[in-house]
Structure formats: C-alpha cells, structure tokens
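**Q** If you're matching them up, the sequences are chains A, B, C, D and E in order. Per my numbering, the first sequence starts with residue 1, numbered consecutively. Per my numbering, the second sequence starts with residue 1001, numbered consecutively. Per my numbering, the third sequence starts with residue 2001, numbered consecutively. Per my numbering, the fourth sequence starts with residue 3001, numbered consecutively. Per my numbering, the fifth sequence starts with residue 4001, numbered consecutively.
These are calculated hints, taken from the structure and not from any lab test. These numbers were taken from a predicted model, which means no experiment stands behind them. Keep in mind that the hints are not guaranteed to be accurate.
[Said to hold, decoys possible] The calculated label-pair distances, taken between Cβ atoms and stated as ranges, are:
no., chain 1, residue 1, chain 2, residue 2, range
1, A, 184, C, 2067, 51 to 61 Å
2, B, 1016, A, 52, 37 to 47 Å
3, C, 2005, E, 4034, 56 to 66 Å
4, C, 2067, A, 52, 55 to 65 Å
5, C, 2319, B, 1435, 49 to 59 Å
6, B, 1040, D, 3128, 46 to 56 Å
From the three backbone atoms N, C-alpha and C, an ideal C-beta is built for every residue, glycine too.
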Amino acid sequence: MANENATPTPTYEPGTRNPYMPYVATVVEVVTETHNIKTFRLRLDGEGVHEAFDHKPGQTGQLSVFGVGESTFVINSPPTRKDKYIQFSCMRAGEVTTALHGLQAGDKIGVRAPMGNSFDYDAMKGKDIFFIGGGIGMAPMRTLLLYMLDNRKDYGKISLLYGAKSPEDLSFAEDREDWLKRDDMNTYLTIDKEAPGWEHKVGLIPHVLEAIGPSPENCVAITCGPPIMIKFVLQALNKLGFKPDQIVTTLEKRMKCGIGICGRCNIGGKYVCIDGPVFTFEQLSQMPNEL
Amino acid sequence: MRIGVFICHCGSNIAGTVDVAQVAANAAKMPDVAFAVDTMYACSEPGQQAIEEAVKQHKLTGVVVASCSPRMHEPTFRRAVERAGLNRYMIEMANIREQVSWIGKDKEANTRKATDLVHMAVEKLRLNRVLIPKQIPVTRKVLVVGGGVAGIQAALDCAEGGMEVVMVEREPSIGGKMSKLDKTFPTIDCSSCVLGPKMVDVAQNDHIDLFTYSEVESITGYVGNFEVTIRKKAPYVDWEKCTGCGICTEKCPNKKSFDRHNEGMGTTTSINIPFPQAIPKKATINAATCRKLVDGKCGVCAKVCPSGAINYEQEDELVTVKVGAVVAATGYDFMDWTVYREYGAGRYKDVITSLQYERLLSASGPTEGHIKRPSDGKEPKNIVFIQCVGSRDVSIGRPYCSGFCCMYTAKQAILTKDHIPDSQSYVFYMDIRSPGKAYDEFTRRAQEEYGAQYLRGRVSTIVPLGDKLLVRGADTLAGQQVEIEADLVVLAVGGEAAHGAPQLAEKLRISYDSYGFFMEGHVKLKPVETNTAGVFLAGACQGLKDIPASVAQGSAAAAKALGLLSKDTLESDPQTASVDLKRCVGCGKCWNVCPFGAIREMDMRGQIKAEVLEAVCQGCGLCNATCPQGAIQLSHFTDNQVLAEVEALCRC
Amino acid sequence: MAIQEQLKKMILDVLPDVDCVIGWGPGPDPLRGSPFFMRKPEDVESFMAGPMAVQNPALFLPEYKGKKVGVVVKGCDSRSVVQLISEDLIKREEVVIIGFPCDGVLDVAKVENALASHGEPGEITAVEFSGGEVKVTLAGNTHSLKFDDVKADKCGRCAVPNAVMSDFFAGIAREASGVKDDYEDLAALEKMSLEERFAFWENEMSRCLRCYACRNACPMCVCRDHCVASSRIPHWISQADSTRDKLMFQVIHAVHLAGRCTGCGECQRVCPVGIPVLLLKRTLSKGVTELFDYAAGMDTESKPPLLTFQVEEATIKERNW
Amino acid sequence: MSVLNESNNGKELRIVGFLCNWCSYGGADTAGVGRFTQPTDLRIVRLPCSGRVNPLFIVKALLNGADGVLVSGCHPRDCHYAEGNFYARRRLEVFKRLLPTLGIDPRRFEYTWVSASEGQRWQKVVSEFTQQVHALGPAKFVADAPEFDVLKVCAE
Amino acid sequence: MNAQNKFISRAKLADWLKELSSRFEVWAPRKEGEGARSVVVYRPFEAEKGLELDRKPTESAKHTMFPRSETLFNFRRNLVEGAPSLELEEAADPAPRLVFGLLSCDARGFQIFDPVYNGSGTNGQAKDTYYLKRRSSTVLIVKSCSKVLSTCFCNWVGGGPASTEGADVLATEVQDGFLLTPVSERGAAVLDSSLLAATNSDMESAAADSQTKAAAALPAAPDLKESQSALLGKFDNAAFWQAESSKCLSCGACTYLCPTCYCFNISDEAAGYNGVRLRNWDSCMMPLFTMEASGHNPRTPKMGRLKNRVGHKFSYYPSLHGGRIACCGCGRCIKSCPSSVDIRRIVTDAIGFTETVGLKEQNNG
C-alpha cells in the first residue's frame, strides 16, 4: 500500500538549536526603581555571546531564576545601547518576580531572548511619535524611545506622557531627568494625586492626555500600562481623532515556551509570544476578544 | 542569597561531642552558603561582633547560627544581625547543644546530626522573608479584673504612672481575701489597717474608674485595642444616691442572709454593706433573700432610706470601655474541703476552715473578735489545726502546695494563744514550709513562745465525742498514733483558682491549667505576661502566693502594662498569618478555627476573602494547617519552609 | 415512569423561580447519561431520573452561589448538598432541592465489563430497565444483566435512598433498607499485607494522568481554581509524572475531605484510568465515624469533626509512653 | 538520603520530629539541659504549635523516605494558643488511620504531648519511639519520577 | 514502497516484540487494573504483563512521543569561592522507540503535533528539538480498527479506521494474527524478521474486507469546513458557551486522553544546588493555565476554557495549518468525560448542524 500521507514526518536535524536552553547571564547591576519594580542589567556569559546578541525594540525575553522558573519580560534597553548590558525591568507579582527581586549583582540568571515581534520602527520613520506610559508600562516603551532618540533624525516630534500613582511609583529616574532636560522631545510626567514637591502634572493619564491634545496628523500613539488605563487612553485617543491603526500597544499574557507551542498565550489563532507582544488596535480589533 | 553559617563550640559544651570544624566544612557545601566558620562562643561579645563583621565582609543576606536552643538566644542573634543591617528575621538557629551535644556522646553521629540540623536551617532560611512589624495605635487605659490586694496594687501603680484604669470587682466591695483576714504574718499587723488605706486610695484616685459588683461580660479586640463589656449587676440600690449610712441594714427584717464577708460564720441582712471599711461603702440587696424581691412584701429599706436610693426595679447594666491592656487579678478561692469525709465533710459545726477562723479572730467579725465555736458559742480550749487539707494530696487531685497555709496556721496558733491564754493549739502538718523573710522564725515562735504543739503527721479521722471532737492522727516523728479531744478543729484548706477563672480565661483568650490557674508566658522569664499580648497576670490567679508576692506581682503587672502603653503605637510581631488574596476562596475554615478571632471575613470586589488582623494574630498557624489550598500562610513558618526542612532530611 | 413525570412537573413548577434546575439528561450514547441544566420549560422534556441519574449534581451548586438554582437529588447527592450548606459553601435559601426515592444507579464500567465478551461497549444501541434487570442491546443482540450486579458500589451500602433534605419530594419515600455501611469495600485492601498495599498504590498511581477529574468531580472540594496541586506557594507537589507526587495528591485530597466526605464516589467513578481513589477517603470516613460517630452530610447544623474539638475526647486514647 | 553526609552504616534511621515551640521543643531542651541521653536518629522541626502540623507534612516525610515521624505538642489544655493541640489531636488521630491503607505501618507515626518541664518524659518518648522505628526497620518509599534523580542530594 | 506485506500470528507476536526490544524501546497496549476498573494503557512492553489488542486503548499513545513529564535540562548552581556559578546540562537523547498497536487516530494525532513542534509558529526558527528527536527515532505500528464505537468520529476529520497517516506499519487483524503493511521505509525495515511469515491472498482480502466494513460502520460525516468561521462567530456568544459548558467539570481528562492536545507547562524543581527544568503536560481546561502573576486570568470562567479547546481544534489550528482540523476523532474525550461533554455536539451546535448528524437526542441544556 502506498503512503497516502501528505505531510512528511518531520525529522530532527543534528545541530538544530534547542530553543528551551537559556543563555546563562550574569547580573551586572540591580536598580531599585520603586517599591515593587527593579531593573536588572544583564550580560550574557561566554565569549562573544553578548556581543553577538541582537534584538529589536519591543521584543521580549524569558528570564529564568533556576529552581523557581521562567517569566516573560520585555527587553527594555535598545539594541543601540547594549555594549555593557541588556536590561529588563520587573514588577514583583508572582513567584519568579519575587525570586528575581532577591538577586544581587554577580548572580547567575537564564535568558531566552529575543522573542516575539517588535515595534515597527521603520514604518514610523518620519512620523510624530506620542508615547503614553503608565507604571511598569514604561518598560517596553523605553526601549523604543531610547532607540528613536539614538536615531533622532529619522523621526518627527517625539513626546512622552508618563504617569504613575505617586512620584515614588515612577521608574527610570535617571532617564526621566535626561528626558526632561532634552529639547528634542517633550516630556510630561503626571501623578494621580497632588504630592509635596511635585512640579509636574497631576491627574489620571487619559485626562492629562486629553488636555495635552496631541494631533493625530502623521502621528503614532504608543501606549502601555495597566488594562484599565489602556481602556481610557484608547477612548481619549479616539476623541482626539486617532485611528486604530495609529495606536500601538503591547500585550502581556502568561507564557511558557515563548515559541508558539505550549498553547497558553493565544488569542484565537494569534500567539502573543510570537505574533506579539506589539499590536496595533487595528489588529486587536480583528482578534477575538479575550484579553 | 548569601548565607553565613556559624557553628558555635560553646566552649566544650558542643565542641566536646560534635566535630564543629567538620560541621562548618559540611555547611560550606550547602546551597547559598557563602561563608561557614566555627566560633568559640557565638553569643559572646566577640562572637556577635564576628557575625556582624562577616555579614558586612561577605555581603551575607542571611545567617545560620548553630549553637544552643533558639529559645535561649534567638533574640540575641536577631539583634546581632539587625546591627549588621539585616532584617532580624533573616536568621535561623540550629540547636546543636540541647538537642545534639548534650544528649549523646557518639561524636560521629552527633556531627552528622548537627550537619543535618544546619542543613535544615539553611534550607528554611533560604525561604525566609524580610518581616517588618506594623505599628498599631493603642488605647492608653488598663483594665484590672479583680479588686484584691494584687489588683489594687496594679491599679494604683498604673494610676500613679498616669494611666487611666478601669477596675472590675465582682463583689460589692474591693479588698478581696485580704480584707477578711484579721492579722498578717509574720508581723501580726492588722490586715485591714494595712489594706484599708490602699482601698481608700483606689476610691479617691481620679485615674481609677471603679466597677464593683460587676463582671467582665466579654472582651473583643487585641493588644492596645481591647473592647470590654462590663456587666454591672443590679444592687437594687442607686449607688449614686446611697451614702452608706447603714440605716437600711439596721431596719431590714430579714437577718438570715448568708454572710459572704464572714464566710458564713454568722448571718446578715438582705440589704447590707459587707463590712465597715467597704469600698465603695454602698448597700447591696441580696435578691435571693430580700422579701420585697422574692415575694413583693416588705419594702422597709425603701421606706427608711434617707436618700431614696433603693430601687427594686433596677436591672443589670452593660457598660463598654476601651482599654489597651488587661491585668487579670482574680485571686483564688478555697477548694471544696468537704471531699474529706473523714474530717466531717461539713457535718460537724466545729470543724471550720481557717478563713472562717480568721473571721472569728477579727474584731470586725461576727463574734467581734471573741473566739466562740460555732456549735454552742463556747470558748474553745483545745484547738486542732490540720494542715494540707486539699494541698499536696494527689489522692484528691490536688498535688500542689498552696504555699501560704503553714504560715497562716502558725499565725492563727499565735493569735489563739493571744485571745485565749489557757488554750492549747495542736498543729498536724506534713512539712513546715516557711521560706521567706522572717517566716521560719515566725513558725518557730508559734511553737517555742506560744506553745503550739506541732505534730508531723496526717489526721486520719475526726469523730464527735460528746460536745468535743476526737481527732485521731499519726505523729510520725514519735512513731505513734495520737488522739486529741478538740473543742474546735481548724482546717488549713488549700486554695484553687477563683470560681469562674476558666470562663474569664476563655474571654481573655489566655490559657489556664487544669486547676484553673492562668498560665504565664514563661515559667521563669515571663511570670506576669500571658500568651495573649496585652494581658498580664497579678496575684494568686496565676498560682497561689502570699500577700507580699501578690503585691509584688501587682506592681510588676502594672509595670508591664505601663511599659506596653508607654508609646502611642505598638509594634506587632510580624510572625503572623497572611492571606494570598489571589488564592483565597473564602471558605471560612480559617476563621472558624482561629482561637483568637484574628481572622475575619471581608469582601473584595464581591468576593469573600479572609483577612488577618495582624495585631490579634498570635502566630499559632492553626489556620495554615486548616486552609486546604494553603492560601493562608504563617510567615516564618510557611508550608514551603516546613517542607524545605522535611525535604532536606528526606529527599531520596 | 411515574416518578420521572412527577419530577418533571416539579421542575417545571420550580423553573420560573430559579436560574436553572440541575438534573440528568441523555448523554452521548444510551449507556451514558449526563448532568443536565434545565433553563427553559422545553428542556425539561429530556429530563431523566432513575438508574441513569449517575452524576452528582450537587457538584455544580457552588458555581451558582449568589443565584438561586434548583437541583434534583438522589439520597447520596442530597448529603453533598447538606454538607455544602453546613459549611456555608452554598446558601440554603439559594437552592431548591427536589428529591426522589432512588433505587440505585448504573455503574457504566460494570456494564461494559459484564459485556466485554460480547464486543465493544460503545456499540450499545439501547438500554432498558425493568424488574431488576437491565436489558442492553449491543451489536443487534439484547443481553440481560441483573441490575444488582451492575449498579454502583455505593448503592449496595446506601442507607439514605431518599433525600436527607428536600423542598419537594416526588413519590413515596423508599423505606430505608436498614443496610449498615460495614466498609466492605475496604476489605480487599485490608486483606493485603502492608507491603502489598504499598505496591498496590504504587502500581495504581503510576497510571494516573493528573487530569484531576477526581478533584473536579468532588462536590466537597472547596479550593476549586486554587488547588495546591498546581501551586508553588505552597509547593506540595511537582507537576511531574511522579508516582510519589500523584499519590501525595490523592492523600491531600483525602485528608482535606476527612470528616467532610459524604462518600458519593464521584472521584472514583470519573477516573478515566480506573484508579480506586475512593478507598483513601473511605478509610478516613471509617475513622471519623468510629472516633466521632459522625457522618458527613446528614445535618446542616453539624460541624465537620476536624474543624472542631472537645476538651475531653472520649474516644481518643493517648498513647502510654 | 539525608544531606551531605556519608553513609551512616544503616545504624541511624530517618526520624522527623514536629515539635511545638512552647512545650515539647522546650521539653527537648530540658532533656538536653538535664543531659538525658537519647538516640541520635531524630531531627526536630520547630513549629509554633502542634496545631500548625498539617498531617500532610507527615505523609510528605513518609513518602519521601522518612522512617518515622513524631509529633509532640503541649498537653491538652496547656496549649500556648489555647486550642491548637485540641485540633491537632483530632486530626492526627484520624490521620493515623489512613497510614495502613497506604501500606505504611502506623507505628511509624506517633503523636504525643510533652511539656517544657518534662525532660525525662521526652527522653522516654524519643527512646521508645526510636526503638519502635528501629524494630520496623527502614521504610519503603514511593519511587520518584526518574526526572528527579538529579535532585537526590548525595555525598560530596 | 516495494516492501512486502507480512503476517505475524498472535502466538508469535510477543516473540517478535521481544526481538524488536533489542533495537527499540518497545511500547504496546496492555490491561491494567482489576475488573470493571480495568483500562488499556500504552506501556513499555513486558511480555509477562501481556498485551491487550482487543479493547481499544483507554488512553492515547501520545505519551510515547510526548512524555507526560520530560527533562529539558538539568542545572547546577554553585558558589565557587563565594562567586555564583551555573552549569546547564541538556537531557540525553532518547533511545529509539517502537510503538506497537496504536490506533490510526493516535498516529494521525502526531500529525497535528508535527507542524507546531517543527516550528511553524516561528517560521522554523524555533523547533522543538525534544519532540523532533523522538519523532525521528520512533516507529509506529498502527493497528487498524475493526470495530467502531458510538463515540468514534474519525471520518469527520479526515481519518478512517485504517488510515495510514503518520504510520510506519499498518497492522490489520486477520485470522489469528495481523497482516503487516509497511507504510514507510523505516516501517519496512522493522518487518525484516524471521518470525514474520509471508501473506496470502486470503489474508489480503480479509484485511481489506475488515477495513472496509469498519469504515462503513462509521456514521455519516458532516462537512466541518465551516467550523473555523462558525466558532469564531460564536466567540462572544456567552449564552452559547455557557450552555455548552454548564456540565463541564473543567478537569483535564479530555485533554490528557486526547491524541492531539499538545499543551505543556515548563517548571523547575530543585533541591539545594541541583535542579531540573521539566516540561509537563498541561491542559487548557485547567483554571490556572492562563492565570497571570497579577492574578488576572483571561479565561476565568470554565466556558472560556472549553471554548478555547474546541476553538483551537476546529478553528484556530485549522486557520493556521491549511484547514487541517486538530482533532483525530478518537472520541476518548467523549467516552471518558465525567460529565459526558460531547465535542461533536458543540461543533455541530456551533455550525448549526446538530439536527442533521443524528445527535439531537442529546441535550446539553
């Protein structure tokens, strides 16, 4: 009897990279950003490994604390600034992040990266960019922001609205100082409620955004933050005239394999780990509603 | 994590039977151990300094000390790591002295066991978390339960220290047992002359709010923030109006009421003021015998009362007060001596208790200080005192020594001779226990100066013989049976916890032993604390003791309460249960079993969850063992920590 | 069947007042019934009671907390309802209980086993009950089985054929059989030596798939989505295919049910690989009965014995050291 | 196998003790202070209260290769937390009955009450329990998944 | 394929499998458990424990290729002179395997795995090396079905009782043994044994006859092409999913018995310095499957999970893999479901076909 089998049985080719083996990296520095956010600066071990590492803004990585597990985080340093380290910022929430927060400089960590898609920064060339970040949502945008600042001439007006509950909940203190000082970008900081010594805006991000009122003309809005914030930012942007394909966000899902197999980050047929994390609202509107 | 391990020699206490250097070498191979060393005396000043230095030098984030019991030195090492900049909960101890070196001589086996214990400590420490105490505001007011001498002392000391005090006494007057005593040993001071002024001080102190004829109905809350409901029993007299003039007690037609103050050595009126020095000096109606209250016929007192204070309609009143600390000073009562059928079990009128005898001796007693025996009012000549009636007697379940009977019996023998010079006292005793300043001398005086005849032995039986009592007993020193024809027999009845003490303990959520005495926090080191934070003990409620010891403990409890409430806020022990709200399903099993009511139901966005009141939680972990999904975990003793210790031993 | 019709009428009466009525309906083949959620009057038409009422509908009640639902119960199911109420896991006023006299239910596995020599049981085309017989049509041939031989084990020791508690009861309550539960089901295991029992469990549990049907079919499992089987804090067991961990889970389940298990047997019935997991729970039930004279699910006012205590325990003798 | 240790020639068995901090752990200390010699097999896990002992700790130990487990708390009525040991008593008594079904000799698990002052009693308890476990010999344990072989901690 | 068909008698089967055991780790179905509780499971072949080739296996053969639990790598942490170090060691390559007696639906199940584990999602960038190593070294001898259960529906999804898709050898029961048809090169290679006999035309025709009969016994198959869009169209229809999922217990019996469910979890286990990263089966039916660290869970109610399982098989997967349905119709999820949830019913309900396929007497309420 002939083999009616249409799909040939796949075979293992010796030398195929094992996608589950992480790079071993060394924690170079740990920066405490807020009471529950820390930034980890990592350098991949092994000769030439770190140098050979390449990623695009928006891509993610899986960090391993061996014995505890793996968790997904966005790489929040741009490829243009990776000579010393690559950087991840993690909010303490579950077991892995709690273990991460216990790490010190010198500790070993596992990294599987880069994974997923990236911001379409080439398509954004020549456009105005408006970043809207809330809390830990600043992390994915930082990569793109720094990348754009490092390639400043390629982009139009760059603005950032970054908010958190209180001044203590804002991350990236050093960056913030720099961003505020720069004259090639507009930086707006906001906190939910008045606080002593606060010299910037006060109010919820969507309200502040409406007050600033960026023009949708030739502009891309990039927004990351807690779901509730995204919901109202989206409404505000709609009001301002932004179309769904002008608004970009990143999604978070529970992930394990990171390579589109294990089956938990799918929204219908899309796997956030490989098809995301970056989506436009145009794309999201075409996916099943299961965020 | 970077762990430092310190293996203590404890001189030769540990090093003698444990190869400490080997244990340190083994420890160096354990996970996360960055530094391991053996040290001569870890708890000594240089020992502690070495730990502090190692923490800094090796950037340690946790420390294991293998030495003596953590019950001994855990606080010491916690302070040491805290000085070195670590959280005080980032230390674990391995008990390699009491549980290893001192209980076996096999050095190899001991070294293995010590290594295991260190390994368990390391594995647990790896899961320790920084714990930070919470600050809780406090009510700077103290509740003193019981108005005996211990309670009075505690109240006065607290008030002296500027604290507001609420005193609750269930009898109409404060004064307790001491107010019933005639004289006190070893100085034969007049008891009421000593106590009276203190009672007056209580009444007059602005800081003390006195509730007599009242009981604690319920207590809720926790250290610093108790809420106490007090039941003011109805005396059927408006005490605001009552002047204590005593006319009602003279006119009351029912004079057959049981006289509580006189231990039944006489009768009293249905409305009465318990004794002349009573504080407050107010009349109370005995509802069980008052004719007006029983069958509605009488009302004499209402008629004669010059201030119109009598109110037959009065009802119990509940009052709620907030306090920050509680001093339990509920004293003691006497055991039911009638179990001793051989002593007449209450059938022979002239077999009385020593407290009854005390009332006969007292000038304010029913016989105005003349010793008259109950049966016929005759002055007794031969008086037999029997000691250890309900003390040190395993056969009736009273194995303990009441502690004060030897002394008061000697006192009573002396006073008997003073009152009736031609009397002869006989004292049957087991041992004379008189450790105390001038105590032994006192018992000697009773024998040598006052001629009391001390017979070492127990009385086997008392039988009536005409109008006398034939006391048969043994004189074990002479090795013979003795028989004494006594006019009066006085039993030194042993004490037990005050009636109702266990019920109060339940309300206070403190432990009590099988005799009802309240359990102190630690037998040696926490004699006035209890295991419920903010509840302290004074006087005989904790265990029988004499007046100076009660007074001392009253002062000690006051000092503890003052210390506790000296600040506006309290630090809670962070070794409490905490709920993972993401995992809690609100099934309620935890709050149903919590012995302290420290867990309550709360609503989180429409979902029922458990919530731990950190200040109330005592850290027993019962909830943790009960919660099926392990959503409630006892910090510092989490499931994962215990499992890590088990796995360290068993992984195979 | 008269009772079935009476029940349908009761369900129709109750339906307007509740979110749904949970009972039994047809399943994928004539041998298999299915839990059945009736929301519309026309749904009630397919309702089935009797020997096909296999599943325990009490299982679903906690999901509907906050809504009012009706539930049709066998005697054993009603014990689960009672226990749920007594533990405040559901509210009495939120559940309408409809009882009926139960004559026992079918054990599908027993039927399949009894017919094993006749072919694959999936080919069954009809099942009928009459006069203590089950007539099963398989591959065109009809076979008669004694109902007693193919009814669920628990029915053989059932002392509560009628609902312990009900708002409506169809038909006349069956006289209690007077059967005393002598834990005969444990006998086979008890005959083994300790070593044999140990090997027995190792063997049985090696087959476990970790599907947790046993847990999810248990009406008394309170943790629902937060079982320790998959948590890391606390980390009682790994996710691995480890016989030790799989056995550990069964012990966890049994210990959590000690004094709470009503013995409905669903855990064992649903196991796709036939592991007799009920034995562990039955052992503990036996212990609880002996020690505290307590049976779960008989009284909404009683407290599970392990969630309470007595200062003096009459039946617990301390070991004399 | 217990950790980092060379073989102990089978002389010692693995006995895990769960002791409440207030009474029994104190009792064990008292026994130590009194130099009451005891067998060395027992390793003690200190817990606040016997009520903290989840019976599942005991199963975990027995399935993982402990040869015996001993739980000890304050005497009934003397619980530091008033009621913890009352619950423990019921739970442990019921639990003990599960062991034979699992094929584990119930004599491998005992629970008892020892107060802080009962050093001699503690010595007796430990000695007798250790003897009892030795009489039963090393326990069988359920084989773990082969994936976990790497986790077996053995002699360095 | 030029290789010849062969015949193995039942009497010699065990000997042949023993012979193969020298080259392969041989797996075959056997009976476990007692009486009514007994089940048929795939286990490493042990002659003394017997074979069970008459009853359909209770579980799928999935675990022979995709173990319930497998080591991805070991790790060893350490402190070397106070400085942390870390070594990772990949799990050893699997030994060659041969599975005898799996059903054609089981073999087709692996074909659902194949594209995914071969890196289709990442355009071949990330291939699951563990799966591929096993897949490359495993020989599958499929036993064709002679009987059809009421829960069988392989014909709905493109299969059949004697489908050779994914098989290396097809075994068809004839007379007192099995006719062995090589399907692939490596299948042909295992038929090279002196224990195997040549076939005759009786056997050949009996085999063909049995295969045809079994195929004919299957109920008519509905056209499921519309399931892709129909299920997506029902995505937000809560009432539909609530009704379909009411009786679901949210356990993993369906997914763990399923030959095509391939979800897994990755978790670390450690003791001291040593640890292991494991890949274990997981189930999208489990409540915590998609639970995020924040506590947010996109599929909190069970209907979301059942929707994902059905949706994945009949809509999402087909949309990514040329219309191929990720279900092989073995019916185990129906047969072993504690609550008799019937996936056929859900799909046909979604398409609106229920009445036409004769499932109407069932009621999901």
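**Q** Work down the list of hints and note, for each, if the structure agrees.
**A** Each hint tested on the structure:
1. 184(A) / 2067(C): 51 to 61 Å: At 59 Å between Cβs, range holds.
2. 1016(B) / 52(A): 37 to 47 Å: 59 Å, violated
3. 2005(C) / 4034(E): 56 to 66 Å: 40 Å, violated
4. 2067(C) / 52(A): 55 to 65 Å: Holds, at about 59 Å.
5. 2319(C) / 1435(B): 49 to 59 Å: Violated, since residue 2319(C) and residue 1435(B) (Cβ atoms, about 39 Å apart) do not stay within the stated range.
6. 1040(B) / 3128(D): 46 to 56 Å: Since the Cβ atoms of residue 1040(B) and residue 3128(D) sit about 37 Å apart, the hinted range of 46 to 56 Å is violated.
Checked against the numbered hints listed earlier, the structure breaks hints 2, 3, 5, 6; every other hint is satisfied.
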